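**Student:** This is what each chain is made of:
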Amino acid sequence: MISLTPLDLVLAATLLVALATVSYLSQLGIHKQLLVASVRTTVQLLLVGVVLRALFATSHIGWVALVGLVMLVVAGREVLARQRRGLAGLWGFSVGALSMFVSSFSVAVFALLLVIDAAPWYQPQYAIPLLGMLLGNTMNGVALGMGRLTEASHQERGTIEGRLLLGQTRVEATSHLRLDAIRTGMVPIMNAMAAAGIVSLPGMMTGQILAGSPPVEAIKYQILIMFLIASGTGFGVVVSVGLTARRLFDERERLRLDRLR
Amino acid sequence: MSRIIATGLCFRQWGPIDLDVGPGECVAVMGPSGAGKTLLLRALVDLDPHEGDVRLNDIPCDETPPHQWRRWVGMLPAESAWWADTVGEHVAPDVDFGGYGFVPDVRSWEVSRLSTGEKQRLALARLLSRKPRCLLLDEPTASLDPDSVERIEKLLEAYRLEHDAPVLWVSHDRAQASRVASRVLTFDNGQLEESR
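Chains as they are written, first to last, in our numbering: chain A, 1 to 261; chain B, 1 to 196.
Take these hints with a grain of salt, some might be off.
[Stated by the list, open to error] Which chain A residues face chain B? A few, computed with CB under 10 angstroms, are given here:
| no. | residue |
| --- | --- |
| 1 | Q155 |
| 2 | E156 |
| 3 | G158 |
| 4 | L164 |
| 5 | L165 |
| 6 | R170 |
| 7 | H176 |
In case anyone wonders, no lab produced these hints; they're calculated from the structure.
Remember, predicted model here, so these are calculated numbers, not experimental data.
Note that the Cβ used here is the ideal one computed from N, Cα and C, for glycine as well.
Please take these sequences and the hints and turn them into a complete structure.
**Tutor:** Next up, the structure:
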């Protein structure tokens, strides 16, 4: 494995500086964002490196759980921030976080216990990256699905209430919207699976290969990750869209758009 | 034979309202726009939160599952809702549109190509096919041509007489109100009053 020196990273950074210069000279207006984002990436990843090194050294389940929890909270906030009209109050955060917890954590535990079979099963070297990848992708799907449902409910109030007026239940009256929201949430991972290997080489596999793993080993892991991500995202989206749709109605099956932000 | 009775009905800042529409009776509700006539219907059909007691044949709204209540108390909204591409996808397979002046082929028609009048007649057919015991109509003939207006009035009258259904008809057209209804009420400032 060829180790990277700080100088190597500086060399890569000159490309970004060049891009920022072009942006500045031609007034594209992205140079500031670009520099901030680059600095954020560097600082955040270095910090994570420190955390991971400490975590790998202790290998205590409590610390692994704590890191997992912090990741979940941040992902929950991100889900909320990405929706234009989320559920108001604590619900927006809770529904997103709960669905990610249910899907990402259970899929991660499933994979750690039954597939990877490390000893102990929560060994942070496996648990944290796996959970990170699951949460990152589930977060994407959940935010898309919930955002789609709340937005569509707002726009299609007349249709939903029209269906209620025909004596349909809240489940029937939102069936077309829920389906659409679930599909929307699943689009990124479906596309990624369809294009994997042909159009794009997935990042995780690429990283492993660059770091010196035999390609077939890297690919086996990539397939595992794809399956886990797809199922985690799927369950997460289904749960979050279901809970959001439930929250949009009160006990008398009335559409309550006042429960949106 | 049905009767809908509201006692002390309050919604938003309006009310309390008492209302009693008996079997086969048609009551028109008029009033300035923005007075809350639509909200009155929405409260009766339990689509908006409200206080007070609403009963159909002595069965309280609160004790009926909401979708069941809305099947009994059929409300025709001012703008009908269509969520699928063709007309047929919106109704049960055995619904007959013949009585509403449509050819059997109407099921395959695209919703996006219907005229306002056709839409309203189909919406009415769809609602009546579910055999509601009571009808709440929110300006059912607004923006329709005189032919369509007459047709819809006739269809509604036939249904009302056949099923002895109470009908509450919100209209802004005084001539229509006195034509279709035996009583005309005015809803203004949150109060429902008998018109002179």
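**Student:** Each hint needs a verdict: does it hold in this structure or not?
**Tutor:** Structure-based check of each hint:
Here the hint on A:Q155 is broken, as its CB sits about 12 angstroms from the closest CB of chain B, past 10 angstroms. The restraint placing A:E156 at the interface with chain B holds, with a minimum CB-CB distance near 8 angstroms, inside the 10 angstroms limit. Hint status for A:G158: holds, given a least beta-carbon distance of 6 angstroms to chain B, under 10 angstroms. Using the Cβ-Cβ criterion of 10 angstroms, the hint placing A:L164 at the interface with chain B is satisfied: the shortest such distance is roughly 6 angstroms.
Interface restraint check: A:L165 against chain B, minimum CB-CB distance 5 angstroms, threshold 10 angstroms, status holds. Interface hint status for A:R170: upheld, as the beta-carbon distance to the closest one in chain B is roughly 8 angstroms, under 10 angstroms. A hinted interface residue such as A:H176 counts as satisfied when its beta carbon comes closer than 10 angstroms to some beta carbon of chain B; here the least separation is about 5 angstroms, so the hint holds.
Checked against the numbered hints above, the structure violates only hint 1.
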